[in-house]
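J.: Residues 1 to 199 in the working numbering are what the sequence shown lists, from first letter to last.
A couple of the hints might just be wrong.
Claimed, not checked - Cross-link-like lysine to any residue pairs, in silico, SDA-like; alpha carbons within 20 angstroms at most:
1) K151 / I70
2) K98 / E12
3) K151 / Y178
Derived by calculation from the structure, the hints in this document are not laboratory data.
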Amino acid sequence: MYREGKGPDTSEIWRIIFKNLKSRPSYWKSWLEGVISKEMVRGTAEHGYFYLPAFLYMINALSFGTTYSIMVNKIDCRFMYYFLSLGPYIRGFTHMRKVITVDDTHLYGKYESVLLSVVAQNTENHIYPIAFCIVDKENDASWTFFFEKLKPIVVDGPDLCFISDRHKSIANGIAKAYNDAHHRYYNDAHRKGIFSRGV
């Protein structure tokens, strides 16, 4: 019934309850029943975070050379940073251009966070993912963590160039982790051109 994130909506739940139990629940109770049912089938967000280390262990076992790191706040044991770069991405990066695009996107939901990503292009201008990182918020500490974990994969050198938007935390993170690499900014037209090509 709950497949691919879809299930009955609130009005359909109300009709099912009325048909089977001859009861007229309020809209709020029907909505809450849908939330509880989805959590029973899929689990909660907290439940998903609990299984993250086991998930990473299995990815590492199945994909040789995968690099990952989890950082948790020691005070309240809350998730802060999660870095992942799969083994095939790492091995394939040696054949890519040394121009790296760095970007972020904000994730919404119960636990708002930010997805950081690094991609390169091959000689045929196809996008090639290198690494991903989920952080609690976009600041100097999170970008520095990301670039420190990226440094063993993308080695510093004068032939390396990072392209990003003008967020100061990105520039600070690159400056702390990469001494010899160049850093340039893109405008929106360049960004749309890169990401409209697809993989």
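J.: Would you mind marking each hint as holding or not holding in the structure?
T.: Tested hints:
| no. | hint | result |
| --- | --- | --- |
| 1 | K151 / I70 | holds, 16 angstroms |
| 2 | K98 / E12 | violated, 53 angstroms |
| 3 | K151 / Y178 | holds, 8 angstroms |
The structure fails to meet hint 2 from the earlier list, while all remaining hints are met.
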